[in-house]
Structures are given as structure tokens and as C-alpha cells.
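**Q** One letter stands for each residue in the lines below.
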Amino acid sequence: MIAQLILNGLVTGAIVALPALALTLTFAILKFPNFAIGAMLTMGAYCGWMLNALFGLSLPAATALAAGAMAIVAVAVDKLVFTHLRDREGLTLLVASMGVAFVLENVCRFAFGNDARNLDIAVARPIRWHGLRVNHEQVITGGAVVACLLVLFVIVRFTPLGRAMRAVADNPSLAAARGIERNVVVAVAWCLVGILCALAGTLIALDRAIDPLMGWNYQINVFAAAILGGLGSLFGAVIGALVIGVVEELSTLVIPTNYRQAIAFAMIVILLLLRPQGLFGKVAIRK
Amino acid sequence: MSTVPALSVKGLRSGYGRGGDIVCGIDLEQRPETILAVVGPNGSGKSTFVKTLAGLVPVRAGSIEVTGSNVTALSPAQRTAAGIAYVPQEGNVFRSMTVGENLKLATEFVRARAGAGLAQQSLILELFPEIANRRRLLAGNLSGGQRQMLAFACALLSNPEVLLLDEPSAGLSPKFVVEIMQTVLTTRKAGVTIVLVEQNVSAALAIADEVAVLVAGTVARHCPVAALADGELERLFLGRAA
Numbered sequence: 356m357i358a359q360l361i362l363n364g365l366v367t368g369a370i371v372a373l374p375a376l377a378l379t380l381t382f383a384i385l386k387f388p389n390f391a392i393g394a395m396l397t398m399g400a401y402c403g404w405m406l407n408a409l410f411g412l413s414l415p416a417a418t419a420l421a422a423g424a425m426a427i428v429a430v431a432v433d434k435l436v437f438t439h440l441r442d443r444e445g446l447t448l449l450v451a452s453m454g455v456a457f458v459l460e461n462v463c464r465f466a467f468g469n470d471a472r473n474l475d476i477a478v479a480r481p482i483r484w485h486g487l488r489v490n491h492e493q494v495i496t497g498g499a500v501v502a503c504l505l506v507l508f509v510i511v512r513f514t515p516l517g518r519a520m521r522a523v524a525d526n527p528s529l530a531a532a533r534g535i536e537r538n539v540v541v542a543v544a545w546c547l548v549g550i551l552c553a554l555a556g557t558l559i560a561l562d563r564a565i566d567p568l569m570g571w572n573y574q575i576n577v578f579a580a581a582i583l584g585g586l587g588s589l590f591g592a593v594i595g596a597l598v599i600g601v602v603e604e605l606s607t608l609v610i611p612t613n614y615r616q617a618i619a620f621a622m623i624v625i626l627l628l629l630r631p632q633g634l635f636g637k638v639a640i641r642k
Numbered sequence: 060m061s062t063v064p065a066l067s068v069k070g071l072r073s074g075y076g077r078g079g080d081i082v083c084g085i086d087l088e089q090r091p092e093t094i095l096a097v098v099g100p101n102g103s104g105k106s107t108f109v110k111t112l113a114g115l116v117p118v119r120a121g122s123i124e125v126t127g128s129n130v131t132a133l134s135p136a137q138r139t140a141a142g143i144a145y146v147p148q149e150g151n152v153f154r155s156m157t158v159g160e161n162l163k164l165a166t167e168f169v170r171a172r173a174g175a176g177l178a179q180q181s182l183i184l185e186l187f188p189e190i191a192n193r194r195r196l197l198a199g200n201l202s203g204g205q206r207q208m209l210a211f212a213c214a215l216l217s218n219p220e221v222l223l224l225d226e227p228s229a230g231l232s233p234k235f236v237v238e239i240m241q242t243v244l245t246t247r248k249a250g251v252t253i254v255l256v257e258q259n260v261s262a263a264l265a266i267a268d269e270v271a272v273l274v275a276g277t278v279a280r281h282c283p284v285a286a287l288a289d290g291e292l293e294r295l296f297l298g299r300a301a
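Note that the protein sequences, when read in sequence, are chains A and B.
FYI, in our numbering the residues of the first sequence are 356 to 642.
FYI, in our numbering the residues of the second sequence are 60 to 301.
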């Protein structure tokens, strides 16, 4: 029973890890908490659904195209909204991102209505493994998230682009003086945000119906994961998401399932009281 | 030596946001392969002046030329590619990255200038033994002097025409100040033109060829160091007539 809950929690956490990484990326490079992450995730899910259920593409093809489409949407949002607010205070950008969230959410509502939508995928029997019940969706989700995390890790850690992103996150004016064009790095970061949100949205849609408010159901968990890991730490965001997923699932042993989202709230409160910098965040000490 | 000035600034005005001008009409020319010490009282606009040259503070009026090419409209990144290297007073390294990554980033995005890659790197690192064997260390864990050395090395790796140094001796021990000033001299001898903003006036004048005294955002005096009269600097700093 507990092993099953831990497995379910890890898969749920793995899905949350993707938008948590997107949130962390925007926070590290643009210095604001992006409240539009949930809405981008919703739009990504609708893109995947449209390509899969309406146009008949296979799930991998639909997901890849949805990721491309959301990368374009994310860059367009930056050009239309955030470029004009660059270097404003984080609070201004946060409020702007709330506006973006409402616009994206209502674009989905206007285009596809309020009805719940489902991906066109075959239903398969779960796999039995050492007493655990593993859904095909869970296998796909786990594999896709691990592959995505590996690719992102290699990009950020070992490529010139990744070094440029870390440099801009660390010290934007010095990065400019080192010949790094901030606008290019910002555009690439928004592309990654769009791709991560589209992938997360489609993976969530494997397990549940798509509706215009689905992103809001994950918003708190995404923020909790990023804060738990230490805002700005990519590795921390992944660990934070996995911890939130597992703790939420285990909490159903002692509290009714309906209240399990309160766990994410509780974890944010406890963490901010005991370790405000998060598990992997650093306390700023200037020598 | 070329007759084209390495750095030519005409009617330069700049400032932050919607505030007033901090740099209020600076005109000066600097010969190639010289050290220009920019000194002045606190708040005279020295740091804003070099940040404007580096492209980090927007130009409101005037022009900046590097070896005859107008760079006024270029972004900071493009100015680096055009031959300007800038070492800020604070935040001069990427603290969350290793020394090796800092060195790599110094050339990665200005390859056209950076020359012989690793060969150039090993040559420059000979100047900085303090950091040469600390490549795996996080730059944020270096001492202030070592960070300054790393910042200096990174700037040199971009093979600049003009090197802008903003108070390189600030907060350093006397030992490091001597080392830094020695390195500035060595760099000049290697053919780099240097703009040296300094609060430590005696250390700066000891190695500079020319001095520009900034007062309230304008050049109150620009002359060879040897041409400064006794007590002239004090009078300019305190705003007294000669």
C-alpha cells in the first residue's frame, strides 16, 4: 500500500517537476514568479489534445508539435507583454503574469468551451510488478520526464547556451559585458518554458480530463515545489516536486483525499518558517 | 604607434532612468597603449562614465569611438565584440559558476576577438597564478583579491583594445593592490589601452600616463600625470580655484 502510494506520488511529482522547472527558469533569469505557468500548462494540454484527438496525430507527434507551438506562444507572450516591463520590479511582473494567465485561460475557453476533453489513447490494463499496479500512463510519464530532465540538465550544465543562461541568472550586467546578448537568452528561456509546460500539460491529460481551469489545480503544487527546492535552483525544483508528490500521496493515509492539496500549502508555510531559502537555495553572503 | 585615438569621447551625457544626467558632457581622447587614470571626488560620475563606455548605462547625447569606430549605438555585448572589456568594481565574476566556467565564458561569446583559445588562456593565466590552479572552485568562494584577478583574466581573454577597470583596488589588501597595479602595467605593455577609475589616487597616478579629473560629471582637468601641479588635485577635489 505504502509502496504504491510512493510510486503514485513520484509520478505525480515528476509531472509537477516540469512546470516547476519552468517557474524556476523564469525566476532565475527574469527575476519574477510567473503566475502564468498554470495557464501555459493548460494551453499546452489543449494543443496536445487538438493535434491528437482532432487531427489524429500519434501522442508523441502531438506532444512534440504542441511543445513547438507553446514555445512560440511563450516567446510571443514575452514580446507582447514582458519585454515592455523588462527590469521593472518583480511585483509588477507578477501582476502582469496574472493578467497573461487570465488571457491564455480565456483563449482556451473561447476556442474549446468549458467541456472536459480527453486525449484519444487506447485504454490498457495496468502492469503488475512486485505487487505494484503500474499504469501505462505512469510508465510514459516517468520515461518522458526523465528524458526531458536529462536533456535539460545537459543543456544547462554543458552547453554554451546553458552557461549563458546561468551567467544571465547570476549577474545580467556582467553577462552583457562578456558578450552575451540577454534578449537571446531570455527568448531561449521562454522557449524552454513553453516546451516544459506543453509536455507537462499533455502528460497530465493522459491521466485526467482537460478543462480551462486544469492549470490552477497544479499551480500551488508547482509553486510549492519550486519554493521547497529553493527558488532559482533547477535541481531543487525537481527534488521539491518529487517530495511534494510523495508527501501528498502519503497524506491520504491520514487525511481525506479532498484535503490533500492543503499539504502543499502547509509545506510552503513550514518551509518559509524553518528554511526560507528552500532545501537547495543558498543564503546570500557577500564577502 | 597609431595616430587614431584608442578611445574618443565627445559631448557624452548619460544617467539612470528618468533622473538627471550623471555624466554631463565629457570630451576626451586617449592615445593607444596608455593608461588613463580617471579620478575625482565621490559622486563625480567616474563609475557611471565607465559603465556608459561599456554600454551598461544608456548614452543620452554624444558619441564614443574605439580605434575610430563609433560604438555609441551598440549593445554591451556588441561593444565587447568591438574591443571594449569592462571589469566592474563589484559583481565582477559569476559567483555561482566555477573559475573554469568563468574563464570559458570570457571567450565563448566573443570568439572573433578571443584569438588562440586555450593557448591565449594559458598565456594569460601565467599572469594570475592565484587562480590558475583553482579552476574547479566556485568563483564565489574566492577571496576578494582572487576574484579581482579572475575578473581581470576574463577581461583580457576577450583580447580587448580598451580595458575599463572600475576601482580594481577597492577593498583589497596592500599586497593585492601592488599585484593588481603591476598587472595593469604589464597589460599596457602588451598593447592594451586602459581606463583606470580609482579612489586610490596615489596608486593610480604611480602607473598612469595621463589623468582625467572628474568633478560633477565633467572633466575638470585632463593632462599627462607629470603636468599636474603640486596641490592641483586637492584644489580640484575640494572645488577651490587655483
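Treat the hints as calculated values from the structure; they're not laboratory data.
Hints are supplied without guarantee of correctness; some may be wrong.
So the derived label-pair ranges between C-beta atoms look like this [stated by the list, open to error]:
id, chain 1, residue 1, chain 2, residue 2, range
1, B, GLU149, A, GLY445, 40 to 48 angstroms
2, A, LEU435, B, GLY159, 37 to 45 angstroms
3, A, PHE620, B, GLY230, 38 to 46 angstroms
4, A, ASN613, B, GLY230, 39 to 47 angstroms
5, A, LEU627, B, ARG195, 45 to 53 angstroms
6, B, GLY159, A, LEU627, 32 to 40 angstroms
7, A, GLY517, B, ARG194, 17 to 25 angstroms
8, B, GLN258, A, PHE513, 48 to 56 angstroms
9, A, THR514, B, ARG119, 50 to 58 angstroms
10, A, ILE482, B, PRO188, 53 to 61 angstroms
We put the CB at the ideal spot given by N, CA and C, even for glycine.
**Q** Does each hint hold? Answer for all of them.
**A** Here is what the structure says about each hint:
1. B:GLU149 to A:GLY445: 40 to 48 angstroms: violated (21 angstroms)
2. A:LEU435 to B:GLY159: 37 to 45 angstroms: The hint (37 to 45 angstroms, Cβ to Cβ) holds, given that LEU435 of chain A and GLY159 of chain B are roughly 39 angstroms apart.
3. A:PHE620 to B:GLY230: 38 to 46 angstroms: For PHE620 of chain A and GLY230 of chain B the Cβ distance comes to about 44 angstroms; the hint holds.
4. A:ASN613 to B:GLY230: 39 to 47 angstroms: Hint violated: Cβ distance 57 angstroms, outside 39 to 47 angstroms.
5. A:LEU627 to B:ARG195: 45 to 53 angstroms: This hint is violated: roughly 34 angstroms between Cβ atoms.
6. B:GLY159 to A:LEU627: 32 to 40 angstroms: holds (35 angstroms)
7. A:GLY517 to B:ARG194: 17 to 25 angstroms: Hint holds: Cβ distance 18 angstroms, inside 17 to 25 angstroms.
8. B:GLN258 to A:PHE513: 48 to 56 angstroms: violated (41 angstroms)
9. A:THR514 to B:ARG119: 50 to 58 angstroms: Roughly 38 angstroms apart at Cβ, these two residues miss the hinted range, so it is violated.
10. A:ILE482 to B:PRO188: 53 to 61 angstroms: For ILE482 of chain A and PRO188 of chain B the Cβ distance comes to about 60 angstroms; the hint holds.
Checked against the numbered hints given earlier, the structure breaks hints 1, 4, 5, 8 and 9 and satisfies all the rest.
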